[in-house]
Structure formats: C-alpha cells, structure tokens
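J.: Taken in sequence, the protein lines are chains A and B. If you read the first sequence in this note's numbering, its first letter stands for residue 5, the second for the next number, and so on. If you read the second sequence in this note's numbering, its first letter stands for residue 5, the second for the next number, and so on.
In short, the hints are calculated from the structure, not lab data. Take these hints with a grain of salt, some might be off.
Partial list, computed: chain A residues near chain B (C-beta under 10 Å) [unchecked claim]:
hint: 1; residue: K84
hint: 2; residue: V94
hint: 3; residue: T98
hint: 4; residue: I101
hint: 5; residue: P111
hint: 6; residue: F245
hint: 7; residue: I247
hint: 8; residue: Q249
hint: 9; residue: C269
hint: 10; residue: D271
hint: 11; residue: R272
hint: 12; residue: T301
hint: 13; residue: E307
Cross-link-like lysine-lysine pairs, in silico, DSSO-like; alpha carbons within 27 Å at most [stated by the list, open to error]:
hint: 14; chain 1: A; residue 1: K84; chain 2: A; residue 2: K105
hint: 15; chain 1: B; residue 1: K278; chain 2: A; residue 2: K105
hint: 16; chain 1: A; residue 1: K297; chain 2: B; residue 2: K278
hint: 17; chain 1: A; residue 1: K282; chain 2: B; residue 2: K84
Predicted model only: the values in this text are computed from it and were never measured. All C-beta atoms, glycine included, are put in the ideal place defined by N, C-alpha and C.
There are 2 protein chains.
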Amino acid sequence: MKITVTKSDLTNAISIVSKAVSTKSTMTILECILIDARGQDIRLLGNDMELGIETVIPGTMEEKGMIAVDAAIFSAIVRKLPEEEVHLNVVGETIGIRCGKARFTIPGRDGRDFTRLPEIDKVDGINVSEYTLRDLINKTIFSISDNDSNKMMTGELLEIQDGFLKLVSLDGHRISIRRVELNGSYNNRRVVIPGKTMSDISKILGGDMEKQVSIFFTPKHVLFEFDSTTVVSRLIDGEYFRIEQMLSSDYETKITVNRKEILDCIDRATLLVKEGDKKPIILSLSEGNVEIKIRTTLGSMDEVVECTRTGRDMMIGFNPKFLVDALRAIDDEEVDIYFVNPKAPCFIRDAGENYNYVVLPVNFTTVD
Amino acid sequence: MKITVTKSDLTNAISIVSKAVSTKSTMTILECILIDARGQDIRLLGNDMELGIETVIPGTMEEKGMIAVDAAIFSAIVRKLPEEEVHLNVVGETIGIRCGKARFTIPGRDGRDFTRLPEIDKVDGINVSEYTLRDLINKTIFSISDNDSNKMMTGELLEIQDGFLKLVSLDGHRISIRRVELNGSYNNRRVVIPGKTMSDISKILGGDMEKQVSIFFTPKHVLFEFDSTTVVSRLIDGEYFRIEQMLSSDYETKITVNRKEILDCIDRATLLVKEGDKKPIILSLSEGNVEIKIRTTLGSMDEVVECTRTGRDMMIGFNPKFLVDALRAIDDEEVDIYFVNPKAPCFIRDAGENYNYVVLPVNFTTVD
Chain A
5 MKITVTKSDL TNAISIVSKA VSTKSTMTIL ECILIDARGQ DIRLLGNDME
55 LGIETVIPGT MEEKGMIAVD AAIFSAIVRK LPEEEVHLNV VGETIGIRCG
105 KARFTIPGRD GRDFTRLPEI DKVDGINVSE YTLRDLINKT IFSISDNDSN
155 KMMTGELLEI QDGFLKLVSL DGHRISIRRV ELNGSYNNRR VVIPGKTMSD
205 ISKILGGDME KQVSIFFTPK HVLFEFDSTT VVSRLIDGEY FRIEQMLSSD
255 YETKITVNRK EILDCIDRAT LLVKEGDKKP IILSLSEGNV EIKIRTTLGS
305 MDEVVECTRT GRDMMIGFNP KFLVDALRAI DDEEVDIYFV NPKAPCFIRD
355 AGENYNYVVL PVNFTTVD
Chain B
5 MKITVTKSDL TNAISIVSKA VSTKSTMTIL ECILIDARGQ DIRLLGNDME
55 LGIETVIPGT MEEKGMIAVD AAIFSAIVRK LPEEEVHLNV VGETIGIRCG
105 KARFTIPGRD GRDFTRLPEI DKVDGINVSE YTLRDLINKT IFSISDNDSN
155 KMMTGELLEI QDGFLKLVSL DGHRISIRRV ELNGSYNNRR VVIPGKTMSD
205 ISKILGGDME KQVSIFFTPK HVLFEFDSTT VVSRLIDGEY FRIEQMLSSD
255 YETKITVNRK EILDCIDRAT LLVKEGDKKP IILSLSEGNV EIKIRTTLGS
305 MDEVVECTRT GRDMMIGFNP KFLVDALRAI DDEEVDIYFV NPKAPCFIRD
355 AGENYNYVVL PVNFTTVD
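Excised from the complex, chain A in its bound form (with noise of 0.2 Å):
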C-alpha cells in the first residue's frame, strides 16, 4: 500500500474511528485501526465489536493494499506532524509515514486479522438532521445508568412512532424524553442503542442543520450514515421498560418559572451536597414563590425564586443533581413543572410534549 492524504483528513479521520478502538483490550487487534486502500476508495476503520465506525478519506492511491496499525501510537505521531502532505507507505508488515521533514516507520499487523462491518442492508431506514440527532442525544443521554447490573437502563431508547422520532433515557431516579416530528412516514419501531455508541455519535456528528443522517435497522444492529463516516453499533437484546405508564398527566400543583434563575439556584445548593451524600433540596411552592432550601454538614442554602402557581401549597424534596441536568437541557426561558404529591415523580414538560423530564422526589422528612 502507498498513499497520500493531508494530515488534517487524516487526523480527524482517526479521531472519528478512534472512537471505535479498545484502549485495553487482551485482542491487541482491537487496539488497532484498519487503513484499507484495496478498493476505489482509502478507508480507516475501528472496531471493538460493539461498535464499529468506518470513514472515506480523500487521496490518491499508489498502491492498492491495507494494513492494521496500533491507534494510540498512530494517532500520536499523525497529530504531530507538520500540516502537509502524509504518505503512507507499506513495506511488508511494517509501515512507513512521511511528511515534510518526518520520517517514522512503525510496525503494522495483517489487516485481514481485522473484522470488518457486519453487512447491513440499508432499506426502510430514516433521515434526521445532524443537528437534530446530536441535539436529541445531549439532551437525554446524561440519565443513562452507567451501573451494567442493569443492563438494558445503560442503553438510550429509539422509538419511532407515527411520525415521531423519540429518545429515552432513565437510571431508576429519573427519566429524560425528547421527540422530534419526522419528515416523511416510517414504520413503527423500537430499538435500544448502547449508551456508549450514542453518546459516540453526538460527538461526531458535525451538527449541521442541512445534512442529514440515514439510520437503519436489523433485529441486532444499527448504522447510522453521515458524511463520509459509516457507524454500526450492536443492540442492546430485550424490552425497554414501559415509561408510559409512569407519566402521569394529572397533577396537583404546576409552577411556571424562569428557567436559568431557578436552575443557577439549584445548581448553587450543589455546591453543599457532598460526593455520596444524599441530603436533598427542599423546594417549598407556595403562592408567587418556590423557596429552595438545602442544610448539610457543609452548611446551609435558603433563597426564594418567585412563580407562577396554580393548584395547593406542597413542600417536597429532590436530589438537586437530577433537576440540574434536566433544567440545563431545555433550551426555553421559562419551564412548567408539574407536582402530583411530595412521594410521587414532578415533571418538567412543555406543552407539545417534546420534552418531557420525570424526576422522582426524596424523602426529607427522615434526612433533615
């Protein structure tokens, strides 16, 4: 094999696959990047897998051929190179990169060792902006469970449903919900996608309002198609859990208020909160005003955030973390909240229900 690309298509060529790459694995190969040049194209391709992310990178060919090479000492040395031209070249099983003044030749492994993409047809598939996708994985993927003795809570699920494209995501304590109108009609379907790989995707995806990513479905895989990249992840095996029956719609007080003035409150009490401590945040509706206290051993919080209210006074409590991270994912200046009773879930939603954060309450009483 002997090519040559730019260093930056190479760089952010790696740092794409990259992502696909075992840091420790007993399977060296796994540790390693697949740069294949057999074809029309010069692909680089990781694989660990789980996931598996392949990507085009232009240059000009003057040799066919592919070779397997060790990601970290790879991607170490293309990062330090000078902005010009790289050229790759094989020599038996080792590999010689040049560019400008510099000169390495590193050792290389067979890439027929290398397991490629499973084979996916891509039919019946659906199309979303990046922007949208990466935009519906930030904003749930944080309340993933990152505890595997429940498998299935470590995995986002995606639903499509009469049009709609929804992500969900919950740990036990809390549930996050974004959905998104699709253009175009898809049958309905449910699949739950690794954390991992999601969060993975969001960090590729460029996030453009105009281009679009494809994503299709077998019973155990997902791929999802963008830019030059291809990313086929394995499903997580089982039912999800069924959310629907614990969002309720009927609540007994709803509070209106300023997004960022209540979020820079609570996320003031948790600066009191200790790693592993579970003291909550008392939140106190009343009238015009949530007053939000919090008292642990590191000392004491009492400010008042004035609101909207309508329903009956309540006093209830919350890990302050939890509406932190779900009041930081909407984008709105002013948020509704919605309290059943002090032991039953509140829910951030807006009225379309594109966003629906569940979050459940402590018990203060024993703690305080």
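We have chain A already, so just place chain B on it with the hints.
T.: Using the frame of chain A, we list chain B on its own:
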C-alpha cells in the same frame, strides 16, 4: 465582621491565597482561608506553614472582625455567585454569604487559631519586574527534581552576584541556568527556594513589565511583595550544589541550528518512547547536518536537520525529553549547542550566558 466586596475581587484573591492552602492535612485549620478585616484593610490569608500568601482586597467594612473558612467550599460557592457585590457577615462562628439572590451560611473557625505570616524586616531587598521574575522561573523550574530523597534538588537556587540575578535548577541529569542583570547594586546572596513556591509565584505574578516585585531575605525565609500580595516561603536549609565546576567552556564540536526545527524533530521522537523507557535518541553530528535517530519497540524515526558545525564528527545519545524541555525554554531562533565528547554533558547556551542548559548524555552503545 461585616464586609462587602465585589465577586471578581474576591474570586481573584481566593485563587491567589489558595496556592498556600493545604488540600489534605491532618490539621483542618491549614485547609482554611483567613478573612481578616480587623485593621484598615480587608485581607485574605492562606498558610500551609511552608508557604504563606496574604493579599489585600478593596471593599467596605461595616463591622470589623475576622474568621477562618474552609477554602474548598468557600471558593466553590464564591465562584458560582453572580457577578455582583458579595456581602459577608459573621455571626458567632458561621459566615453568611449573600450576593444577588444567593444566600449561603457556612461554618467558620476562630481566626485566632490561624497562623499568621512571620514578621520579616523589609530591608536589603532586590527589585525585579514581574515579567522578568516570571520568565526566569518558567524557563528553569522544569528541571527541579520531584524526588524528595534529595531535598536540595527540589528547590531552585536564587543567586545574586555582581549585579546579576541567577536562577538554577537541577535534577541529576541536567541543569537549567538563567540570569538577568539587575538595576542597582545589591549584596551577593545565595538561597534555595522550594520549587513549589517558585511555581506558585510564577502562576500568581501578573507578568507586567512595568510592575516591580520586591524580594527580601532572612536566614530562614524569603518574602516576595507585588501588587497587593505578600508571599512568604521557608527556604531549603543547606548548601546548594557547586555547579561552576560542572560548566566547562571547552568543547570539541559546536553546532548552530534552527531551534524550532530541531525541537520539532526531537519532540516527534519522544512519541516513540514509552513511559519509563530509557531509549535515547542518537545525534550524529557531521558537516552541514545532524542526523537524529531513535529505535524503540514502538517504531523508529530517522531525520536530518541542517546545521552549521565546527569541530569533529560525533555520535552522542540523549534522553529526548531533556533536550525538548531545554529547547522549549529558549526564545532564540538559532541555538548553539556545544559538545565535548559522547560521555560528557552538552551545553545549550547563548554568547552572553543569559541562559545555559546542561544535559547529560546517555550511553547508547549498550541499549541498541
């Protein structure tokens, strides 16, 4: 105590004095900041017994007093406050923090438990600009040793001799020397200042060419005074190394080379050196160019950099990191590097001896 200060003044002062606050100590008072508003000024003070920093902040005093507060929580709260006036109000041993809508109460400690800075007579000191002092520190500090087994190597020598201020650091493999001519005449002096003090000072210093730092000495302490800040540090006890005998001015070979070109090249070579690995780079000095080679388990590199050479051909091996550190600390476009023989240190120094970086070679015949 009842005082009002702006958030930005307070944040700035906290970040300065926090450099002298212990983060983990068995004495919790060392983890505190003292707020002292008993005199004419409002002062913040941090003191971990090795290093003490006091800074004055503008503000209004309604009621005199003082209190010590946990630096971590106080600093976290203040950073999150809105950009407005901060009202601090001590009641008993708690301190109320009020700013905009934010209202916190945190526990404090009796200010009398706090250790004040030692009294130091401000006589017989030296003056140097903030810029110069910071520059001298930044360009020598990297070669102190972080190994406590030789205490003297963890400090920097500050020497005043014949109207020059000189800083020296060394770690057994290299020596970094920088000097600058002082305005005015001063007594000769040699003190060894802990590396942490020097590094903290370089971070606090504004770096203004026009502003002066005054430095005063006692047999046990050094005091730096600049802006509204006073830094007092213990000195390291004992005699510093006699470095003069290590600085040969004889040489066999001298090369003059573009600094950035050789720096970039050696810097790339460090990519092939794993942490803890002792693989040297090998410089082959010949007429008109230096060939730079490295071969490790990760791969190999072989580059040529043009140079002007006087003297004889030589092959010599180095730890590439040490050359990189020295070359980064130099601003000149071209550098002169002097070699004696493959077992003796090389010197990167300018004609005026404003800088002299000494690097010991590595024996490479046994490693390749």
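J.: Can you verify the interface hint for A:K84: is its Cβ closer than 10 Å to any Cβ in chain B?
T.: 5 Å, holds
J.: Quick check on the hint: A:T98 CB to chain B CB, less than 10 Å?
T.: Holds, about 8 Å.
J.: A:K282 and B:K84 were given as a pair; does the straight-line alpha-carbon distance stay at or below 27 Å?
T.: 21 Å, holds
J.: CA of A:K84 to CA of A:K105, is that 27 Å or under?
T.: Holds. A:K84 to A:K105 sits at ~12 Å (cutoff 27 Å).
J.: Answer holds if the nearest beta-carbon of chain B is closer than 10 Å to that of A:T301; otherwise answer violated.
T.: It holds, given that the least Cβ distance between A:T301 and chain B is near 9 Å, below 10 Å.
J.: Are A:Q249 and chain B close enough, Cβ to Cβ, to be under 10 Å, as the hint says?
T.: Interface hint status for A:Q249: violated (38 Å vs cutoff 10 Å).
J.: Grab the minimum C-beta distance from A:D271 to chain B and call the hint holds if it beats 10 Å, violated otherwise.
T.: 7 Å, holds
J.: Does A:P111 pass the interface hint, meaning its C-beta sits closer than 10 Å to a C-beta of chain B?
T.: 6 Å, holds
J.: Quick check on A:E307 please, does its C-beta sit within 10 Å of some C-beta on chain B?
T.: 5 Å, holds
J.: Given the hinted pair B:K278 and A:K105, is their alpha-carbon gap at most 27 Å?
T.: 23 Å, holds
J.: Are A:V94 and chain B close enough, Cβ to Cβ, to be under 10 Å, as the hint says?
T.: 13 Å, violated
J.: Need the status of pair A:K297, B:K278: alpha-carbon distance at most 27 Å?
T.: 52 Å, violated
Violated hints, in rising order: 2, 6, 7, 8, 16; the structure is consistent with all others.
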